[in-house]
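Colleague: From first to last, the protein sequence lines are chains L, D, S and U.
Quick note on numbering: the first sequence equals residues 1 to 542 in the working numbering.
Quick note on numbering: the second sequence equals residues 1 to 329 in the working numbering.
Quick note on numbering: the third sequence equals residues 1 to 231 in the working numbering.
Quick note on numbering: the fourth sequence equals residues 1 to 102 in the working numbering.
Rather than coming from a laboratory, the hints here were simulated on the basis of the structure.
The beta carbon of each residue, even a glycine, is placed where N, CA and C say it ideally should be.
Some clues are possibly wrong.
To be verified - Listed next, with one range per pair, are the computed distances between beta-carbon atoms:
#1 U:LEU78 with S:ILE176: 37 to 43 Å
#2 L:THR192 with S:PRO15: 28 to 34 Å
#3 L:ALA63 with D:ASN252: 52 to 58 Å
#4 D:GLN232 with S:HIS140: 37 to 43 Å
#5 L:SER473 with D:PRO93: 34 to 40 Å
Stated by the list, open to error - Some residues of chain L that are not near chain S, with every Cβ distance over 12 Å (derived):
#6 VAL12
#7 SER18
#8 LEU36
#9 ASP65
#10 GLY80
#11 VAL110
#12 GLY169
#13 LEU177
#14 THR182
#15 ARG195
#16 ALA238
#17 VAL430
#18 GLY478
#19 VAL487
#20 THR522
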Amino acid sequence: MSTPTATPSQRVDYLNASYGVKSWLLTTDHKRIAILYLIGITFFFAIGGLAAALIRLELLTPAGDVFQAEMYNRIFTTHGVMMVFFFMIPGIPGVLGNFLIPLMIGAKDVAFPRLNLLSWYLFAIGGLTALWAVVHGGVDTGWTFYTPYSTVYANGWVVVTAVGIFISGFSSILTGLNFLVTLHTMRAPGMTWMRLPLFCWGMYATGIIQILGTPVIAITLLLVAAERIFHLGVFDPAQGGDPVLFQHLFWFYSHPAVYIMILPAMAVISELVTAFSRKPIFGYKFIAASSVAIAVLSFLVWGHHMFVSGQSVYAGLVFSILSFMVAIPSAIKVFNWTATLYKGSVSYQTPLLYALGFIGLFTFGGLTGLMLATLGLDVHVHDTYFIVAHFHYIMVGGTIMAYLGGLHYWWPKISGKLYPEYWSRVSAWVIFIGFNLTFFPQFIVGYLGMPRRYHAYPEEFQVLNVMSTAGASILGIGYVIPLIYFVYSMRYGKDAADNPWGATGLEWQTPSPPPTENFPDTPVVTGRPYDYLTGREEEAVG
Amino acid sequence: MPQLFPPEASSFAGHVDALYIFLILVTAFFSLLIGTLVVVFAIKFHRKSPDEVATEVHESGLLEIVWTVIPFGLVLVMFAWGASVYFRLSRPPANALDIYVTAKQWMWKLQHTDGHREMNELHVPVGVPVRLTMASEDVIHSFYVPAFRFKRDVVPGRFSTAWFEATKPGKYHLFCAEFCGTRHSNMIGWVYVMKPADYQAWLAGGVPGETLAAAGAKRFIEHQCNTCHGDQPGARGPSLNGLFGKQVQLANGRTVLADESYIRESIVNPQAVLTAGYQPIMPTFQGLISEEGLLQLVAYIKSLASAPPAGAAASAAPAPTPERKTIRP
Amino acid sequence: MADAHAHAAAHAAPPELRHHFVDLPAQREASSLGMWLFLVTEVLFFGGMFTAYVVYRSTYRRAFEGASNLLDIKLGAINTGVLIMSSLTMAMAVWAASVGKKKLIILFLLATIGLGSVFLGIKYVEYKQKFDHHEVPGPHFVVPHDENTHEPLPRQAEMFFSLYFCMTGLHALHMIIGVGLLTWLIVKARADAFSPRYYTPVDNVGLYWHFVDIVWIFLFPLLYLLGRHTL
Amino acid sequence: MSQNGSHSRAPKAYFLVFAALMFFTALTVWAAFQHLGVWNTPVALAIAVTKALLVALIFMHLKSSPRLTILVVAASVLWLAFLIVITVSDYVTRAWLPIYPR
């Protein structure tokens, strides 16, 4: 970029444009809101992570000797609620989606900036409401709130937690709505759908799910709260209600929700793989189409959570075959990423380490998912640690790896500073090793039959659980290191150039960190996306 | 080698393990394929100089089709194999030994038809298919025996039915697999699979209470069911003799099989399964009869299955329960 | 949109144009799409309850038909008419805004608020009846008697009333929010905030109000007319 | 809503739609009291759908909206159908597999 390169310290950018708490808490700049999300989800990740550490501590010994059963149930529920609703779902869309979508499509901001700030407040209020419930004794129903336990028998703060999740559900809806309208109406001239970066395709598909799925869990939690407050019997078998109907309504959202978690991760990986192979992505159309296909198919498969719960055999057959269909687009994506590396010019920086880790772990996690879609096998492994291992391979091995990869890749653009390459590679390896040591043994202990949510278990499972706890402590250390050096880099990091990786994409053609209005004047896009090979540096005509 | 598989102790376990091994092979193959390709490409095409550029690789539609069709074929195989194994589990054979299970917050109560009652323990003969008819008195529980590769949620408000056939004598874990509250992890027990001789000894040893059907008969009188269902001619309710296992013509035109769920539905929500030709006057007993009571009534009505059909012999007294045929070795 | 057009519009930027939009049509298109996407979430929000209704109605057909006949069909029909009329006045208000007739905007908005309040009043009367007859689900629910056979309805009639109160209650809550929005519109209209060039808020509240009317169009037959043919 | 500032008279369509909606309301109430047997519910739903379409196409001027908006509305109806049809299909097929192969 040939603009006069004033040293970043004097240049006005979105970080030093204004100071003071009010300028942050009342900002409508998508980049600052992204930072607010970054702080928020790191906070809730810490709480969820602490709960995870306590769970692993308890499971060191077969006897339930660290916590009472009641306390243990509240801890694993806190782990589930905090991680799912306040870290995974708002995570990548809130931080990377908010920061990058306007930059990638050459817009000044998202379509509804004030709505974007409202989304953050709803997320924060929802999170703090749930946190209030946790601090005052929490809930012991599990993050799934199965009735009739959650409506009739549980004595925790079910209603307050449900209201917290309901509020943060609105944040997810409004974020999805914002992204969809932004991608439809605010693309720079020349930025056709086929020139859209794949990150935006992934966020588009995520937006579809957020809009079409979230309301259903909103009404489900509202009915659970109404049942507890007014003693209605919608899901209470004693008054004719059907608990399986709750499961239908709950999983109608909660399975697409796991695609809200993985699609943004896949979107990040598409960017990382092509940037660090310095090569156009292989199969652009197929990856973009796969994202949208996943978004649509994800709404038809929820019944595979209910194969043994009294759902009819024929419904089980239909859900099983559809669950296999939704796996195909994910397979296509993995093959296309691998093909992108072929004959590339691959450089081993940290974001690529996370991307390669993602591809490996997501492939393994995805294939174990196929095992769960297989009717015959799911009967045995349902509600055991096999399931816990599967979804942690996808969520931790997949989404968190991609989130960290994306955070490292765009950190120079977000903060204007470079992260320390040595320490980031060390933490990447520590996380990779810690992760596998934590969750691979859980596959084995799961197939051996150890049920989920047990705080005491038979002795023969102890060896595998000790390995898992050892892995968890390594993983915990692995996560703390990036927190330290990211904060360190904001102060002492070297200043980053506008395009430190030599990557294509409009976000790299504006200064790091970008000014508040992103581009001096709206860029016009001419070439095809990821055009590494023709012009050495695609000049965006100002 | 540490134990990787739970003991294979049921007719079903072998099939599940074979399916599991096939899936492990597929998973291992593709994980290693992708893993090695990714590492090899990363090393082989390592960036030599800072501004080295990749070489152009044209996209190939054929390749995309290949790696769509092959996974598609593989998943169809997985689906078909899984479905066949699943079907085997969901169709209990006709001559199965009936066990009635009542799940209650944090214990399993098991009742044999001959009156034996057990808490968190189940003694079954080897080689005999056992059908479990399960009901929950409070929340959702899940009857899970890892050694049999068998699990079934017990949903309150209805009967859950499942079956297994133990093939290896021994003592196997019984777990509750669906989170059911504070002492969910203590709701565990043992399943003892015994050789026929030991099983007979065990049956003889224990002092059985009244048989399930007899308890059901008592409850049948207690709730004055016999005022309408006493099968005297012109009774207001349909006769229950010889009802179990037959097709029933309903008032709304459907014909259903009179199984446990039908009997439970007609006690709890009689209007929904009103028999053709009768007035909808039966009140619902929802909440008035405990789950155990419902199981006993079902056992009693099943024992009337072999009684002569209605009107043939007006016997007000409950028919004596026929002796179970001896268990084949 | 060529650069020249953008620059021209930028110079004479109308006050309502938000800084990150190129021009007013783009801004209107974005806000309209945003509103429709929000209505999609409302469709699925009510959809969850309709699913529960469909499932339980097929499971407990007689209880639902008997309980449905206890609802006051006259009040229900009047309410439907009131709501359709309020949709008309709302549409007129949006038309008035599009042609810039300030007095008409305020007149039609007031009419819509009036009709909305009538609807809520009738709803209050219906709820009052239910509370008096102990037909409110919960601890002191009394199983009502069938209208023509005078037999007590199956106990699962309480499920019908649970769904009735959930659905009509949430619908009424949406009406109250609608009336609040309409009042805010009147305040802005009096402050001359709308012109034929910019009346997006009126248009969006109009869409929201018509959506709430459509929900009632489905609620009325499903809750009130369900078992009338059995009388 | 196209910028038809010059349009001084209120669109006649509004009043026609209003009359139609009132008529359909009366029709559905009348139809509810007829003994149509199994057809009572489909008729009531058909009338409700036509009323909803009238409100959406005219009052919400969906007719003159961009194709994208119509696609969004169609998607919401389709997803509602996914939710209801697939959930009900579980309930309908529960009794298909009698536990006893007598």
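Colleague: Evaluate each hint against the coordinates.
Modeller: Here is what the structure says about each hint:
One distance hint, 37 to 43 Å for the beta-carbon pair LEU78 of chain U and ILE176 of chain S, is violated here, with the actual separation near 30 Å. A hinted range of 28 to 34 Å holds for the C-beta pair THR192 of chain L and PRO15 of chain S, which are about 32 Å apart. Under the hint 52 to 58 Å, the C-beta atoms of ALA63 of chain L and ASN252 of chain D, about 55 Å apart, fit the expected range. A beta carbon spacing of about 40 Å between GLN232 of chain D and HIS140 of chain S agrees with the range 37 to 43 Å that was offered as a hint.
Between SER473 of chain L and PRO93 of chain D, the C-beta spacing of about 50 Å breaks the proposed range 34 to 40 Å. With a minimum CB-CB distance of about 17 Å to chain S, VAL12 of chain L clears the 12 Å threshold, and the non-interface call stands. Listed as a non-interface residue, SER18 of chain L keeps its Cβ farther than 12 Å from every Cβ of chain S; the least gap is roughly 16 Å. The Cβ of LEU36 of chain L sits about 19 Å from the closest Cβ of chain S, beyond the 12 Å cut-off, so the non-interface label holds.
The non-interface label for ASP65 of chain L is consistent with chain S: the shortest C-beta to C-beta separation is roughly 41 Å, beyond 12 Å. No Cβ of chain S comes within 12 Å of the Cβ of GLY80 of chain L; the nearest lies about 22 Å off, and the non-interface call holds. Distance check for VAL110 of chain L against chain S: the nearest CB is about 8 Å away, which does not clear 12 Å, and the non-interface claim fails. The Cβ of GLY169 of chain L sits about 10 Å from the closest Cβ of chain S, inside the 12 Å cut-off, so the non-interface label is violated.
The beta carbon of LEU177 of chain L is not kept farther than 12 Å from every beta carbon of chain S, the shortest such distance being approximately 5 Å. At the 12 Å boundary, the C-beta of THR182 of chain L falls inside the reach of chain S, the nearest C-beta of that chain being 8 Å off. With a minimum CB-CB distance of about 17 Å to chain S, ARG195 of chain L clears the 12 Å threshold, and the non-interface call stands. A cut-off of 12 Å between C-beta atoms contradicts the statement that ALA238 of chain L is not in contact with chain S; the least separation is 10 Å.
Once the 12 Å rule is applied to beta carbons, VAL430 of chain L is consistent with being away from chain S; the minimum gap is 41 Å. No Cβ of chain S comes within 12 Å of the Cβ of GLY478 of chain L; the nearest lies about 38 Å off, and the non-interface call holds. No Cβ of chain S comes within 12 Å of the Cβ of VAL487 of chain L; the nearest lies about 31 Å off, and the non-interface call holds. At the 12 Å boundary, the C-beta of THR522 of chain L falls inside the reach of chain S, the nearest C-beta of that chain being 8 Å off.
The earlier numbered hints that this structure contradicts are 1, 5, 11, 12, 13, 14, 16, 20.
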